[in-house]
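Protein chains in written order, with my numbering: chain A, 1 to 84; chain B, 1 to 577.
These are computed hints drawn from the structure, not numbers from a lab.
Some hints could be false.
Stretch-level coverage of chain A by chain B, calculated; a stretch enters the list once three of its residues show a Cβ under 8 Å from a Cβ in chain B [what the hints assert, rightly or not]:
#1 24-36
#2 45-59
Straight-line alpha carbon distances no greater than 20 Å define the calculated DMTMM-like cross-link-like pairs of lysine to aspartate or glutamate that follow [what the hints assert, rightly or not]:
#3 K461(B) to E504(B)
#4 K529(B) to E29(A)
#5 K529(B) to E65(A)
#6 K138(B) to D59(A)
#7 K500(B) to E16(A)
#8 K461(B) to E413(B)
#9 K557(B) to E572(B)
#10 K138(B) to D61(A)
Short derived list, chain B residues pointing at chain A, Cβ under 8 Å [as the list claims (entries may be wrong)]:
#11 S110
#12 R259
#13 K500
#14 G540
Don't be surprised by glycine CBs; every beta carbon is placed ideally from N, CA and C.
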Amino acid sequence: MNTADLVERLQRYLGEQLELAIAPVRPDEPLIENGHIDSMDVVRIAAHLEDLLGVEIPDQDVSDENFGSLERIVAYATGRGALD
Amino acid sequence: MDPMPKQVGSSRGPDLLDEAETLIGALRRLVDLRPDAEAVVLLDRSGSEQIVEAEPLWAAASAFGATLLDEGLKPGDVVVLVLPTSRDLISAYFGTLMAGGVPALLSTPSRRVSDPSVFRGRVGHVVSTARPHSLICKSPVAELLREEAGLLGRTRLIDPSTAGSKRGESAAPVPCSPDAIATIQFSSGTTGSPKGVLVSHGAVLNNLRSMRDAFGVVPGDVAVNWIPLFHDMGLFGAFLLPLLCGCKTVIMPTEDFMRSPSLWLRCIDRYRGTFSWAPNMAYTLCASRLSDEEIEGVDLSSWRLALNGSEPVLASTVRAFTDRFEPYGFDPRAMSPAWGLAEVTVLASVHPPTEEPICELIDRTALAREDVARITADDEAVSCVSVGRCIPGVELEVRNEAGEVLADRHVGEIWLRSNALFQCYQGDPQRTSGAVVDGWLRTGDRGYVVAGYVFFVSRLKDVIVIGGEKYLPDDIEAVINRVEGVRQGCVAVFGVADEKRGTEKLAAVVETRASRPDEQEDLRAAIRKAVTRATGLGLGVLVLTPPNGVEKTTSGKLSRSGTRSRYRSELEAEGQP
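Whenever a hint applies, use it, and build me the whole structure from the sequences.
Printed below as a string of structure tokens:
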């Protein structure tokens, strides 16, 4: 999977699963700070990312720093070497 | 008046709770009568289970107690437990009690969103007010706390792995009276300064017996839960109640429920669970977000008591959950709205588990103008779900501001008399005497009664409750006040309904002199960032206004309810997609 695929998949997930009203979500939109998702959603997004990428995400990585926006999620996935 | 529960499950068997005078006495009876009972089952994410039998639980707890006594613990000393749900936490809780100490559970730091300094501030406040003898935590938490010099004062840090190693050296439990404090509950203020609520052994045992009788709990029941034990509903409802009634007590980590909410339902199926507690938000989440594949083949027919408490119960949630899971065997009567507070240990009322929940549609105008709950068929009606009837040992009155007791359907403040009343707030006698008048507790919740069924309407206090966690608006206002560009003291924070999530969300009205769009944009981002760092929550609605936009009383005091009414349309508009 490449960056564009991941962004598209996550946008769809946020729109459909989390019923985000701002879909499609801009990559730099702060998701938690702007009240679109809560910390429980972050955990669910992490679990979804595990399924998408086939990597295990340890609890300590599930933070606003890594999951607070689409941009940050992509950066995290890249850092984990999970994207083409 | 009290509900007459139908006895479900196997026969009652020897009663563990009736003769006990302390929590340790009750645990001892469990060990004596059923030493091999699979008392607690701890699950991990992979689904593998760790079974803790009664006898080994006792041994591990006494080893823990022996360590605390070696460390110089004196009767009544406070021991703060900062541990995730685990064998260590269970041993530390009972071990502290066996050594004559008073356990106080605090949540472990959330790495997810909020700043570590927020966690340190919370621990620092507890240390300075409760002056604990020791704090039990694992090394990553210990490191986090040691980063701030002087934070812990004279409080010792003890690692649970060393404390549990004194097996074989355990002594008999230190005797204590039923009036001795059994636990300090830190119930409110996840940010800022948590207030400690002290409850005695006698009060806890009374509340456990009342819950047992109201729910009709028998040893054949199986409790399956994921709510954390630092929450009162977790510690007393999901852990001590089933354990000390001799039921199988299955607990899964909260984090695992959050990652995959379907695990909760799958575990109820796997263990043929009969009772489980959760905040309203969790029922909403399961009803709205689980796909058919995630719950394929799940059988919920064993579940006879789905307690819904610790935040307002929404009619839409009750309906949605029942509709979604009835095809999976869920009994509509199982959904049992409940209400309580830490000041009466945990529970005050519950809807009888043998009846379907009651929801009323109330005339909005009569409610606002006359404080009367009149049934209507109007589209604009307010839905009220009954939180049931008082459990045994609890009496309830609805009173007006003059303290007069009101008739059925009249809305006023709910006052309670309970055999599980708390002893006091930690170090705050003034607050205690303000809350308890002639043995009656003023709850700060507004509601009404119809033929013994209690309906919750709103809170008098401004506490915000999100997913069962309480937040004080004062703390969040203080955070926003520190942001540059905000007019000092001109910030109002409150909760507004979040129907989609089945809970509340944070809303703030903030005065500023910044008027240029780019300045306002930056200010918004700075406020949102500060709130998330401090609380881990997002700000659902943020309204910026020029000076004098926040409502004040004639004496110049901030009026949250006045501000909320003034901005009703903006709040509703911003809350909408």
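Against the structure, the hints:
1. Closer than 8 Å: that is the beta-carbon criterion, and the stretch 24-36 of chain A has 7 residues meeting it against chain B, so the requirement of 3 holds.
2. Counting residues of the stretch 45-59 of chain A whose beta-carbon sits less than 8 Å from any beta-carbon of chain B gives 3, enough to reach three: the coverage restraint holds.
3. Straight-line distance between C-alpha atoms of K461(B) and E504(B) comes to about 15 Å, which keeps the hinted pair within the 20 Å bound.
4. The straight-line distance between the Cα atoms of K529(B) and E29(A) is roughly 12 Å, inside the 20 Å bound, and the hint therefore holds.
5. Only pairs whose Cα atoms come within 20 Å are accepted, and K529(B) paired with E65(A) is accepted, the gap being roughly 12 Å.
6. Pair hint K138(B) plus D59(A) holds up; C-alpha atoms about 16 Å apart against a cutoff of 20 Å.
7. Restraint check for K500(B) and E16(A): the C-alpha separation of about 14 Å stays at or below 20 Å, so the hint holds.
8. For the hint pairing K461(B) with E413(B), the CA-to-CA distance comes to about 11 Å; that is within 20 Å, so the pair holds.
9. Under the criterion of a C-alpha separation no larger than 20 Å, the hint pairing K557(B) with E572(B) is inconsistent with the structure, at around 25 Å.
10. Among the hinted pairs, K138(B) with D61(A) is consistent with the structure: their alpha-carbon atoms are about 19 Å apart, no more than 20 Å.
11. Against a cut-off of 8 Å between C-beta atoms, the interface hint on S110(B) holds, since the closest Cβ of chain A lies about 7 Å away.
12. Using the Cβ-Cβ criterion of 8 Å, the hint placing R259(B) at the interface with chain A is satisfied: the shortest such distance is roughly 4 Å.
13. Using the Cβ-Cβ criterion of 8 Å, the hint placing K500(B) at the interface with chain A is satisfied: the shortest such distance is roughly 7 Å.
14. The restraint placing G540(B) at the interface with chain A holds, with a minimum CB-CB distance near 4 Å, inside the 8 Å limit.
In this structure, the one hint that does not hold is number 9.
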